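Novice: Chain by chain, the residues run as shown.
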Amino acid sequence: MATRVVVDPVTRIEGHLRVEAMLDSDNKVHEALSSGTMWRGIEVILKGRDPRDAWAFAERICGVCTTVHALASVRSVENAVGITVPKVAEIVRNIMFLTQMVQDHVIHFYHLHALDWVDVVSALSADPAATATLAQQVSPHWPKSSEGYFRDTAATLKKFVESGQLGLFANAYWGHPAYKLPPEANLMAVAHYLEALKWQKELIKIHTVFGGKNPHPNYLVGGMPCSIDLQSDNAINIERLELVRAKILEARDIVEQLYVPDLLAIASFYKDWAAIGEGLGSYMCYGDVPQNGIGDPAHFRFPRGAILHKNLGEVLPVDPTHGDEILEEVGRSWYRYPEGKAALHPWEGHTEAHYTGPKPPYEHLDENGAYSWLKTPRWKGNPVEVGPLARMLVGYASGRADFKAVVDGALGKLGVPATALFSTLGRTAARGLESQLAVGWLQDEYDRLIEALKGGDNNTADTIRWEPATWPKDCKGFGFTEAPRGALGHWIHIQDGKIANYQCVVPTTWNASPKDAQGRRGAYESALIGTPMADPQKPVEILRTIHSFDPCLACASHVYGPDGRELAVVEIG
Amino acid sequence: MADSLLSSPGLTTYDILSRHGVSRRDFLSFCAITAASLGLEAQQVPAVVEALETKPRLPVIWLHGLECTCCSESFIRSSHPIAQDVVLNMISLDYDDTLQAAAGHQVEQIRKDLIEQAKRGETEYVLAVEGNAPTKDGGVYCTVAGETFLDVLRETAEHAKFVIAWGSCACNGCVQAAAPNPTGARPVHECITGKPIVKVPGCPPIAEVMTGVLTYVLTFGRLPELDRVGRPKMFYKQRLHDKCLRRSFFDAGQFVESWDDDGARKGWCLYKMGCRGPTTYNSCATFKWNGGVSWPIGSGHGCIGCSEENFWDDGPFYSRLAKTPLPGIEATPQKVGIALTAAAGVGIAAHLAALAIKRGRAAATENKAKEA
Chain A
1060 MATRVVVDPV
1070 TRIEGHLRVE
1080 AMLDSDNKVH
1090 EALSSGTMWR
1100 GIEVILKGRD
1110 PRDAWAFAER
1120 ICGVCTTVHA
1130 LASVRSVENA
1140 VGITVPKVAE
1150 IVRNIMFLTQ
1160 MVQDHVIHFY
1170 HLHALDWVDV
1180 VSALSADPAA
1190 TATLAQQVSP
1200 HWPKSSEGYF
1210 RDTAATLKKF
1220 VESGQLGLFA
1230 NAYWGHPAYK
1240 LPPEANLMAV
1250 AHYLEALKWQ
1260 KELIKIHTVF
1270 GGKNPHPNYL
1280 VGGMPCSIDL
1290 QSDNAINIER
1300 LELVRAKILE
1310 ARDIVEQLYV
1320 PDLLAIASFY
1330 KDWAAIGEGL
1340 GSYMCYGDVP
1350 QNGIGDPAHF
1360 RFPRGAILHK
1370 NLGEVLPVDP
1380 THGDEILEEV
1390 GRSWYRYPEG
1400 KAALHPWEGH
1410 TEAHYTGPKP
1420 PYEHLDENGA
1430 YSWLKTPRWK
1440 GNPVEVGPLA
1450 RMLVGYASGR
1460 ADFKAVVDGA
1470 LGKLGVPATA
1480 LFSTLGRTAA
1490 RGLESQLAVG
1500 WLQDEYDRLI
1510 EALKGGDNNT
1520 ADTIRWEPAT
1530 WPKDCKGFGF
1540 TEAPRGALGH
1550 WIHIQDGKIA
1560 NYQCVVPTTW
1570 NASPKDAQGR
1580 RGAYESALIG
1590 TPMADPQKPV
1600 EILRTIHSFD
1610 PCLACASHVY
1620 GPDGRELAVV
1630 EIG
Chain B
-6 MADSLLSSPG
4 LTTYDILSRH
14 GVSRRDFLSF
24 CAITAASLGL
34 EAQQVPAVVE
44 ALETKPRLPV
54 IWLHGLECTC
64 CSESFIRSSH
74 PIAQDVVLNM
84 ISLDYDDTLQ
94 AAAGHQVEQI
104 RKDLIEQAKR
114 GETEYVLAVE
124 GNAPTKDGGV
134 YCTVAGETFL
144 DVLRETAEHA
154 KFVIAWGSCA
164 CNGCVQAAAP
174 NPTGARPVHE
184 CITGKPIVKV
194 PGCPPIAEVM
204 TGVLTYVLTF
214 GRLPELDRVG
224 RPKMFYKQRL
234 HDKCLRRSFF
244 DAGQFVESWD
254 DDGARKGWCL
264 YKMGCRGPTT
274 YNSCATFKWN
284 GGVSWPIGSG
294 HGCIGCSEEN
304 FWDDGPFYSR
314 LAKTPLPGIE
324 ATPQKVGIAL
334 TAAAGVGIAA
344 HLAALAIKRG
354 RAAATENKAK
364 EA
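From first to last, the protein sequence lines are chains A and B. Its first residue numbered 1060, the first sequence is counted upward by one per residue in the working numbering. Its first residue numbered -6, the second sequence is counted upward by one per residue in the working numbering.
In short, the hints are calculated from the structure, not lab data. Heads up, some of the hints might be wrong.
Straight-line C-alpha distance at most 25 Å; calculated SDA-like pairs for lysine to any residue [said to hold, decoys possible]:
1. B/112 <-> A/1230
2. B/105 <-> A/1419
3. B/129 <-> A/1417
4. A/1532 <-> A/1417
5. B/129 <-> A/1425
6. A/1217 <-> A/1257
Non-contacting residues of chain B with respect to chain A, defined by C-beta distances greater than 12 Å in every case (computed) [claimed, not checked]:
7. 108
8. 221
9. 236
Keep in mind the model is a prediction, meaning the values are calculated, not measured. Don't be surprised by glycine CBs; every beta carbon is placed ideally from N, CA and C.
When you get a sec, could you build the whole thing from the sequences and use the hints?
Specialist: See the structure below:
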């Protein structure tokens, strides 16, 4: 008799996600539904507004990957009206982008994903001395690895557990047979959960320097709002730059001596997960971190491209502005298209909310009908996965030495073949390896900034086309970035200086999408197929694979909606 | 009234149970079961007993509706207290889908159990709400475990001791409630009745403002004093403009006229670039952000007024608004504050006239100084 497992809410993610998994008689997943259960309609709200304001609205699509929607938004407007941002502004944006990526990945690993692999209660029986020995083996240069340090951590944990108020850790899956770490590794991971929690607020100060605050730092169409003037006490000067430099150095330590060693140590106990959760085997990214302007993808640190069917021998070119490459369907979503339209490019995006799901409160979704607030995007007709694994594979398959070095290094340490990358474990590992690259590039971009300033270049904004009167009457733009969770695109249509249409296709829409017209699954659903469950009542295994994608549902289901009325915007000043 | 709102910080779990007629013997057996469910050895039961008798933490249910999670992200950036301290030592964050280890029905069970216990008077909890509820079309635009968020919110609020509305979504509706508000998103106070609500607006609120509200309640055992719209006076009393480090340039009529111009590099006033500092009540100018590193105006961008009601529809952001006060009428900031909440329109012509008068005065003063 088939069992249906419902996980709702999926926790330790951003937003509202529901997973329904059908198990066969061996308790393996043979069918899965991924459903976004929230919708906010931000694109509808953007219609009729000033395109220069769009970044602030779009940034509020997500406060976890805060920055990436703002970046994609200003780039879409600049692309539409023909603005090239000054070199220094581009470098500052790269620093903002890489800062966010590193911070987000570390938080994901320790605070959203680790508890799928780490048994907190088991940590109570760890020996602090043995934990210290283990920690020193795992990361010889990380300073906090004494017996006393782990004794203190154990005492904190014991006091917390014995309080009887387990808070965030209550009613979880402690003791589940899928947990494989020895108590000492669990205690080490708990200690680092707390270390990372203390640290994440530090790196983000780079955003505060350039963007004034985090979450939701400020951006600007045409550049960055922060002026740089080495002779001013009211602009970015040497004191500010030193703060940035110090935070980059701390980040290097955290990634290279805490995150990556922990990742590899934990992964070594879970090598069986290198054969679970493969999913689509097809990957796509737009690329980012420009070295020579956003219009020159050949000089991005993250290359652009797609890989189909695990063929690492060929990286296919991607053009998101081409009318046929990226199309979205709504056949299994709670939207409808005009008569006769089956799939639309985002620039033509027409959508209309049309809820056909069960009336709440409900038990189950209808697997034969529409079941999500997410649309179904396809690249050249293919379902593709986006995110860190896609980026690492495209970089690797492009023959980039920097990608090859970190990937081959990790595979060697774990003693697994390259095919291990196509898995839940591979996806989780890719995020750490990508952080290693990103934190190195963060230093490189800082050095580029200093070089530019040495040369007397400190322009942070191009204002020649600031006024809408200087824009074409009717223009379209594409803005993109590689968000922590994958390829992010914003498509804008501007008419008479106002937003006529705004569409976002975001990473979690690619990954968590419902099935397409041919019945092909998206990345989440596909990756869940074949997942074994030790106890269908306790969905640890489902959480592992879903969390390996780092879901962000506010992003995925922010979008789309009925055509809103044109907003009357009254220009006052 | 405020004092009676919160008995939990002074009461241990044992106090609460015994107040409701649970015997010492039943309490000890409860402790033994708790210990066993945690996988603890029998000899550790006394420690559980001691903790439950003496060390309570305030139970908090943290719900997420239509939102972007920026409030949670801000919360964990707090410098003092740090998030670890709040979660391990001050409150018991019993339900929070962003950080919770358990998922699905295990996590929903926690919420339902807590509500049941509160109904029976065995515990008390605080409801913290991040985001808001879509009310259109039966609430289908946000569901949790198959229930509408609107129902979850009402059910959980009914037995909460009081409610904290985190951020502008929960307080004012924020971005998804901007016109045309496609989902009918409504702030918390429009969805529930009969509960004290502490509003902590901002998109997001400053981290130390968020933890400050909690630590105030835990330290003093009562809600902070609130203003007429329900915000803690200690954090939302003053306009940014009143404490702005660029204020002297405003008064002197020195403005940034274009991005990255000479004035921008000198840190002149951003009012002409659309800054909402003169109409925004928040602590940004005082505490600054992320451990005091900077704040939006400090880093060269005007304030967008993210803690004010309806700020998304009060744009475009880069245009000066008619209701912004002008240089030259700042003799009594208090009056201006009142005047601008009344918000009568003053056109740009008036602004320029006022600015000209201001500059004229400055020039006259300068001349006088020269003469002297």
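Novice: Determine for every hint whether it applies to the structure shown.
Specialist: For each hint, the structure was consulted:
no., hint, result
1, B/112 <-> A/1230, "21 Å, holds"
2, B/105 <-> A/1419, "17 Å, holds"
3, B/129 <-> A/1417, "16 Å, holds"
4, A/1532 <-> A/1417, "44 Å, violated"
5, B/129 <-> A/1425, "22 Å, holds"
6, A/1217 <-> A/1257, "20 Å, holds"
7, 108, "15 Å, holds"
8, 221, "27 Å, holds"
9, 236, "16 Å, holds"
The structure does not agree with numbered hint 4 stated previously, though it agrees with all others.
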